[in-house]
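Asks: Below, each chain spelled out in residue letters.
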Amino acid sequence: MLALHFPALQVVLPLLMAPVCVLLRGARLAWLAALAISWVTFAIAGLLLAEVLIGGPLSYELGGWAPPWGIEFRLDAVNAFVVLIVAAIGAMVMLYAPKSVAREIGQDRAYLFYAAYLLCLAGLLGVTITGDAFNLFVFLEISSLSSYILISLGRDRRALYAAYQYLILGTIGATLYLIGVGLLYQATGTLNMADLAQRLGTLEDVRGVRVAFAFLTVGLSLKLALFPLHLWLPNAYTYAPSVVTAFLAATATKVAIYVLLRIFYTVFGADFSFGLIPLGSILMVLAVLAMFTASTVAIFQSDAKRMLAYSSVAQIGYMILGISLASVLGVAAGMLHLFNHALMKSALFLALGCVFWRIGSVQIEDMAGLGRRMPWTMAAIVAGGLSLIGVPATVGFVSKWYLIQAALERDLWWLAGLILLSSLLAVIYVWRLVEVAYFRAAPETAPTGEAPLVMLLPTWLLVLANVWFGIDTRLSAGTALEAAARLLGGTS
Amino acid sequence: MSGAAAADYLGQLMIYAVAIPALVTLPIVVFGRWPNLREAATLAAAGLLFVTVLRALWLFEAIGGASVTLWEVFPGLSLSFTVEPLGMLFALVASALWIVNSIYSIGYMRGNNEANQTRFYACFAIAISSTMWVAFSGNMLTLFFGYEVLTLSTYPLVTHSGKPEAIQGGRTYLGLLLATSIGLLLLGVLMTWQVTGTLDFTPGGILAGPLDAGAIDGRMIGLLLFLYMFGIGKAALMPIHRWLPAAMVAPTPVSALLHAVAVVKAGVFTVVKVIVYVFGVDLLANTAEAGWLLYVAGFTIIMASIIALRQDNLKRRLAYSTVSQLSYVIMAAAILAPLSVVGAAMHIAAHAFGKITLFFAAGSIYTAAHKTEVSQLDGIGWRMPWTMGAFAVGSLSMIGVPPTVGFTSKWFILQGAMESGRMTAVAVIVASTLLNAAYFVPIVYRAFFREPPGDAGDHAHGEAPLPIVIALTATAAGTILFFFLPQLPLSLARQLMIGG
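Here the protein sequences come in this chain order: A and B.
Oh and the first sequence: position 441 is 441 in our numbering, straight run, nothing missing.
Oh and the second sequence: position 12 is 1012 in our numbering, straight run, nothing missing.
One chain only, chain B, in its complex shape:
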């Protein structure tokens, strides 16, 4: 294949990656009455999507990048896809986990006799499609389109049960995400367009030119950074993190893939993209008005961990842990050292595998034992060894203990912080590691070392259904595997700083 033909093909692959999950909604809806056929459609699409993304990765390694323009929306501003290392990594993680998550969903949704499963699978597919769209976006306008579709397509998933608390949660979810994206992010995007005349993601950033030319000053950079960082509500910087705990009313597979991986990662992914390709790392490093981001992220890490400590509801504790872990990525990017940016990219992948395992375990406990609170988990480890074993692995990854991939990413972030002399960041990481241990270790301890309560409405139960066990074992295995084989995510993460 010649270079040009390969680039064309890579462009098509990106379109396929968006189209496959979007189009599978059709058979999902048509086969609504035959659940086995419907789920087969989801699984087939998930497999096909993963193969497509792998193929794209292989081509990307060979020719190093390609772009495809879809449609010119405004004069000089098109919807376009560009493949670059960070997007490739994000797409890989999300598409691989969609397969595992679909297996898990089948076990969970059937095990709990959930209603409206067709709507569930259809909305899920659309959410994955918009995630791929975000991952491959070639400019800020394209990304914004995908970002908003992702918000809207996950709303029916959050409110799936239709109960009053689900509606309330849905309000917080939609209200905060739309308010920040329309109120702040869109304004930031428009200001960028006004100043630079382009929204393309460009290595080195697009704001450096106008800054040198004197069209904007440091204050403007600070303002834009504020609009972007708080506009990207999905990254859950405090104080706009509240939508994430609110989203926990959703069925657990949604919390697992969307609110531990796709949606929140779309947020921090956008944050890293904006810092690297819109502002440019060098520009931010030389702008005094941009320094606050590190502290806000650090504050979020610590505060969210402290709140997590006090949560008895397992899913809420996991949600606050996610808020804290997301800010690791933001802080890593805000350190603005090459190594820490590599760590940020790595952490997107590492946290995905670890957190999805934890949510899978939470859903597994709910399905088998109907328990939702941490205080109910005494001795459950011996009844559900696979589930709680996987939970322990996920916890270790959150804390950052080897041999889990959470250690690898934390290592890079720490190194970057040390190298650039950001002692605040180092202190935050150390403190939060202790806090993480403080809210995860007791759960594992309870599960394995406490006696189960004798009566208390307890009923006999064993492990969760097989699909659930398969899924959470797979992701736990991945968490360990990537510790020993970090080459793939690492090579992509490195290209982000070097190839760019």
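So that you can see chain A by itself, here it is in the shape it has in the complex:
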């Protein structure tokens, strides 16, 4: 009986637990509550994905109101996959959180962090699960508002500015999305995505529909930090507390990319999205620019978190590149990288959190001699870095394998070459860290010693996941291929 309501529980549980956290007040209690909910949603996400992969799409009528009037939660291979990613990262990050939060946010404010985190989780899961375009906006705002809070919790006062910057740009993005949805409602009289897809079939030439498409695309591009709309991202990732950076980097932009996929392929359909204007070429150019400029900028950063933030902008380029190819293999490669990149960046940002916990800085200069001072943490960073580069037996290799295959399938050799070339830029910025950490002697007074086991363990679980899914691609690539086939096959 309970299993029938899993789609709703997935969102409702974290949403309800957030105020409970505030009532609990104690840092430890709030953490336990957030941890429990995170793992429950993780378990539910696994069950839902299994159900969808075996039994096909799931539809849940919220409050018993039939769609298109009521809100429909709709799960297929595409979003069940994304739900699993978000929930899995949440579960890992919560396992890691208590010591890091105590150090970076403070015990007195910890309950606020857990409450905001749960709201953010609920919002992200809601965005992913819902089948209603306006409801999606509501969840998008829940996740965004709570992420502004999460970012502003950083110790550095610049975190406030970063949060403010994100607030402004994020709100512009969300507003553009809302205008797009409004225009669609005007043209079709419905907000349900499946319904929209059906009715839009005959409205291709209506000007409002085309304008709506433009608003939706640009709005979402802002939220997912597509170059050159990525300006909010580096500051936000740099000054947010480590746990927040790890969580947001692995989930927030990914969910926005998922929404873009839905709008392109499910609501408007590939023929409309890529047929009317050369959107594929535009996205491809932007993606390639993101890959090269952001990676180049990353090379020159002095702050390790900011360096990885720019690397994220570049990696988002890979995902958009896959989507821009508008083929099953391309979209699958994009979705696969969505999963793989979540694993890489969460592992790396958590490892940097360990560094910050011990030495109180993530400036590359201050990381001298860290190879000896924190051997396990540095080993995790090297492993994550190798995955970022795309060395065989890591997830980065798997992503590259599919992405290049997708490019070659379309006879785009030069693109395949560019993908490989840009991944070599990652070698440079990863190796800057390695050289400082392993070859430069630490100052006499430098703090030494590993991070606590409760922080190292989740970090290493994610590192091992990087290796595991680099060798066993059945779950990741299998699901991504099925999801892509579904997206391009129609609205079913």
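Take the hints with a grain of salt, since some may be wrong.
Said to hold, decoys possible - Not the full set, but computed from the structure, chain B residues with beta-carbon under 7 angstroms of chain A:
no.: 1; residue: F1145
no.: 2; residue: L1178
no.: 3; residue: I1182
no.: 4; residue: L1190
no.: 5; residue: Q1194
Unchecked claim - Subject to a maximum C-alpha distance of 20 angstroms in a straight line, what follows is the list of computed SDA-like cross-link-like pairs (lysine to any residue):
no.: 6; chain 1: B; residue 1: K1163; chain 2: A; residue 2: E365
no.: 7; chain 1: B; residue 1: K1371; chain 2: B; residue 2: D1312
no.: 8; chain 1: A; residue 1: K99; chain 2: A; residue 2: S361
no.: 9; chain 1: B; residue 1: K1163; chain 2: A; residue 2: A368
Keep in mind the hints are simulated off the structure, nothing from the lab.
Ideal Cβ placement from N, Cα and C applies to all residues, glycine included.
Please build the complex by placing chain B on the supplied structure of chain A, with the hints as guidance.
Replies: Then chain B, alone, in the frame of chain A:
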């Protein structure tokens, strides 16, 4: 043992050959504080590995090949091991020399009081494990995995001293090897997979089918050959050879086994594998766009020799000699005559024994006399007779003078070149033989026939520590032994062309 059971067992032996050196890192790290125990672990693993490979050889001779699938990474594409003659030869050479090299390492690392010896031995074992992985790879994807691990596991060895020049050398090393393998080789592999739908090493090649079917043309073959040959940076074709001299900042045992045998041989081994099993010798012989390889290899042979002439640093001179000798293998394969391909396989083994002897000698001189430059070696031969005697044997093998095995392999390459009328190749071999003599003979001459300098900060020294002397005598003896008994490597090399 029935046929199927024997094949299963052979499959397991290949897994053991990869697993033994990988697993020995554990006792190496655990025994880090007790050097004798730690080195005993290395030696035991080296011995066990050699026995395992010998056992595999014996079974291979009996049943002629076996495969084992480890894991399906992508649908229809697995990590798998297959034993074939060339891989068998490579594994034999590398595992035999690991024993000798381990003995040598003990003498060298202790003699020079090197730091971080535990890390050194652990990384070394991983490098050997990935070498075995490369040798037994059943398809291009598997090989690529091992190839990259080999690059990464040798990086800490190259930068072992942690000095600025080591870091700089490490940058060149890693940068060039990763840039070529990710930027070019991986693209070539993916294109091959796209066109053929398989990456298995298949006798006769896998590209012949698509070429006949019209799916690809000669230009595409030329492009793929370019991606492979320059993508396999470890084979050190010019102009991507620079990582090899850069790697000479490593401790000498690393230069000896890894940068004269394991790493560079993994490179030319992959080149021969790709030419024989991916392209197919016949296909390349009939493709006009593939002709350039012979000339690039020939150019590398001559140029590297000329650069070697001008090096005063002994290890750098040896490194450029390696660059030149590696291209012998590539050119031999590019001649595309059966006899020269046999010569290519033979040369992989021959150069291994000769060059490791030369590096052992260089390290021996450094340990005993603290000398690194050729110009400092006047009269050193009478103080270190074993070392310089072995050096002379190694030099003869590089030049290709009997009674050393270097002559045997050169003989086959020359015969193949003559037979197929490749006069360019013949000319290159003749010219480079003269050049080799020009940069090796003076060293031997200095060591034995010049008076030692009277003062000049010279200190009294004799031979290097015993483990070093044992090791370099053993490899020098091997260089001569294989001249008189070439049956083993030769039979394997012949099977490459006939059995395939």
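Asks: Next, verify each hint and record whether it holds.
Replies: Hints, verified against the model:
Checking B:F1145 against chain A: minimum C-beta separation of about 4 angstroms stays under 7 angstroms; hint holds. Residue-level restraint check for B:L1178 holds (minimum Cβ-Cβ distance to chain A is 6 angstroms; threshold 7 angstroms). Hint on B:I1182 holds. Least Cβ distance to chain A is approximately 6 angstroms, under the 7 angstroms limit. The interface hint given for B:L1190 is met, as the beta carbon of that residue sits about 5 angstroms from the closest beta carbon of chain A, less than 7 angstroms.
Proximity of B:Q1194 to chain A holds as hinted, the smallest CB-CB distance being about 5 angstroms (cut-off 7 angstroms). The straight-line distance between the Cα atoms of B:K1163 and A:E365 is roughly 18 angstroms, inside the 20 angstroms bound, and the hint therefore holds. For the suggested pair B:K1371 and B:D1312, the alpha carbons sit about 11 angstroms apart, so the restraint of at most 20 angstroms is met. Using a Cα cut-off of 20 angstroms, the hinted pair A:K99 and A:S361 holds, with the two alpha carbons roughly 16 angstroms apart.
The suggested pairing of B:K1163 with A:A368 holds, with an alpha-carbon distance near 15 angstroms, which does not exceed 20 angstroms.
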